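Numbered per this note's numbering, the sequence shown spans residues 594 to 1179.
Hints may be right or wrong, so weigh each one.
As the list claims (entries may be wrong) - Result set (DSS-like, lysine-lysine): computed pairs, CA atoms no more than 30 Å apart in a straight line:
#1 K839 <-> K1166
#2 K1037 <-> K1066
#3 K863 <-> K839
#4 K1179 <-> K973
#5 K1179 <-> K1123
#6 K839 <-> K894
#7 K1123 <-> K1166
#8 K1066 <-> K973
#9 K1066 <-> K1179
#10 K1166 <-> K1037
#11 K973 <-> K839
#12 K1123 <-> K1037
#13 K894 <-> K1037
#14 K1123 <-> K1066
#15 K973 <-> K894
Quick caveat, the hints were computed from the structure, so don't treat them as lab data.
It should be emphasised that the depicted structure is a prediction, and the values quoted were computed from it without experimental measurement.
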Amino acid sequence: MKKRRVLAIVLALGLLLPGAAGAAQALDAAATPPAPPETATRGWFLQTLALNAGEDVSESAWIDMEEYFTDGADVPDEVKWTFDKWILNGDGNGEEKGTLRLDDPITRQEAAALLGRYLDYKYTELPAGCGTGAPDNYNIAAWAQSGVSKCWMYGVIDMSEEQNVTYPDGTASSALEFRPDDPVSGTEAMEWIANANAVTASAVATPEQPGSFTDALVRALETEGNWSVSPYSIRLCLAMLANGAKGETQQELLTALCIDDLDAFNQSVKELLETYDSYARIMSLDTANALWLNQSRFDGKGAFLPGFVQQMDEYFRATVEEVTDADSVERVNAWVEEKTNGKIPAILTEDNREFVTALVNAVYFKAAWENEFNEDRTDKADFTNADGTAGTVDMMHQTDGFGYYATPGVEALKMDYRNDAVDNIEGDNYEFFRDADFSMYLIKADGTLDVQHFLDSAEFTYGDVRVSVPRFKVEYSAALDEALQALGVQTVYDPETADLTAMLDPSSLPGQQHFLDTVLHKTYIAVDEKGTEAAAVTAAMTGEGSAMPSRPELVRTFTADEPFWFVIRDNAKGEILFVGRYETAK
594 MKKRRVLAIV LALGLLLPGA AGAAQALDAA ATPPAPPETA TRGWFLQTLA
644 LNAGEDVSES AWIDMEEYFT DGADVPDEVK WTFDKWILNG DGNGEEKGTL
694 RLDDPITRQE AAALLGRYLD YKYTELPAGC GTGAPDNYNI AAWAQSGVSK
744 CWMYGVIDMS EEQNVTYPDG TASSALEFRP DDPVSGTEAM EWIANANAVT
794 ASAVATPEQP GSFTDALVRA LETEGNWSVS PYSIRLCLAM LANGAKGETQ
844 QELLTALCID DLDAFNQSVK ELLETYDSYA RIMSLDTANA LWLNQSRFDG
894 KGAFLPGFVQ QMDEYFRATV EEVTDADSVE RVNAWVEEKT NGKIPAILTE
944 DNREFVTALV NAVYFKAAWE NEFNEDRTDK ADFTNADGTA GTVDMMHQTD
994 GFGYYATPGV EALKMDYRND AVDNIEGDNY EFFRDADFSM YLIKADGTLD
1044 VQHFLDSAEF TYGDVRVSVP RFKVEYSAAL DEALQALGVQ TVYDPETADL
1094 TAMLDPSSLP GQQHFLDTVL HKTYIAVDEK GTEAAAVTAA MTGEGSAMPS
1144 RPELVRTFTA DEPFWFVIRD NAKGEILFVG RYETAK
């Protein structure tokens, strides 16, 4: 006897509009640091630090150091770079010029202060504590104490061979003597700089068990190459299915979806859709849901239960659509194409024609960058693919205000979407949407990453960032069944035990069985100079001058020339609309 199944379909579409150009290229690593002298000088130390930073120091060549330092003539670009990145401060008081003293021997506390500031430039967050045997600050200058502490804490300067402190009055301490005024040998300096570039203590820790549906789903997916999913679309589609389930069938779905209270979740969906409607002037964030019933399975007499239909209409705005075997695929695909503005033209194939019911969610997102990219600055650039081969991308560039985060192993950029609107260039009918807080995050990470866990806890620093990111498009489709089963969704797939009787009465079906056949998902993401366009579909089917000049502002650099995560997030609600990885230049 033929078994009757349910099909769940999820669709999602995302488009990012064009971006601006003009970011710096990374240092070619052709420059060779000077050979280490017996005693390191301040100038040699700064040059060596800059040349080991992996950045293009010529970006700082424009700075006139004579405006800030009495001995600032003919300063190498490497030293200018350390000043540009707020590593070198000099000894001026802000009203008078300072001195560089590049030929003077560098002391241990001077080197530690510079290395501490270098870590501050390189990383926006480091873990709160590591290291043992702290140095005593009693004879360390106040301006150097923070740097000395960082160098000890993160293993930049090895303190294991240092002696315990003996104070001037003859008393002793278990704390270690730092010897702040002693000179630094060239060999020591090279070791310390290498250690600063090799810090591995990351502020990002991956929990043993994922704490959200998004992170659990991504862990369970078997992905390779470029891919993206919409946790928002998938969760809404499967939440509709959970509303039609009972008993263990429902509980497994709710547990996997991280939904504690289904009634409260339904209400939150209703409110969320109303909120997203209110942003129509600044973005398109359209969510559509439909309940499809195939009358060929019911001899023309099938119907969803009135209570289920009422709930889905009130909370999910789901419409009821009836089809037959003759038009089921065509009708569902036409609806999907319309709701995703043509970005996803189809979700069903001939294999799905005889479904019993299909719950379909479609999401369409389109928004403009707060800081658009200049198309004239987009150029061809190298991209290192995940397999180590070289590819070529259209790289967009700009330097502007962005959110930036870095810790060993993770570097991230936060690009905000526009949240204000005007009718014309004169600014008529200006409107600011205070609660509309949407961003795309680009994240470079060594190894695995729970993106929602990371974004829920990371504190981004806002400032000027020299950005280079590729224009890209990702189209992806997958059946989610194995991933969902790995998350504990088992019973709904079993013809003998699935209980979807809150959705419809299966007694008129042959075999009186109604269970989940498959969950299909398709996404589309396009990122360019103007913004983002994205779509997703999920379907669940039963189937069968006179003063000192101002110092240059600190500018960090983010270059996406290797595989990265991308995330579109509603920051106000913590909702992950889309998440994926770009691994291969296409």
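Outcome of the hint check:
no.	hint	verdict
1	K839 <-> K1166	holds, 29 Å
2	K1037 <-> K1066	holds, 18 Å
3	K863 <-> K839	holds, 22 Å
4	K1179 <-> K973	holds, 12 Å
5	K1179 <-> K1123	holds, 20 Å
6	K839 <-> K894	holds, 23 Å
7	K1123 <-> K1166	holds, 24 Å
8	K1066 <-> K973	holds, 16 Å
9	K1066 <-> K1179	holds, 8 Å
10	K1166 <-> K1037	holds, 24 Å
11	K973 <-> K839	violated, 55 Å
12	K1123 <-> K1037	holds, 22 Å
13	K894 <-> K1037	violated, 54 Å
14	K1123 <-> K1066	holds, 14 Å
15	K973 <-> K894	violated, 60 Å
In summary, the numbered hints that this structure violates are 11, 13 and 15.
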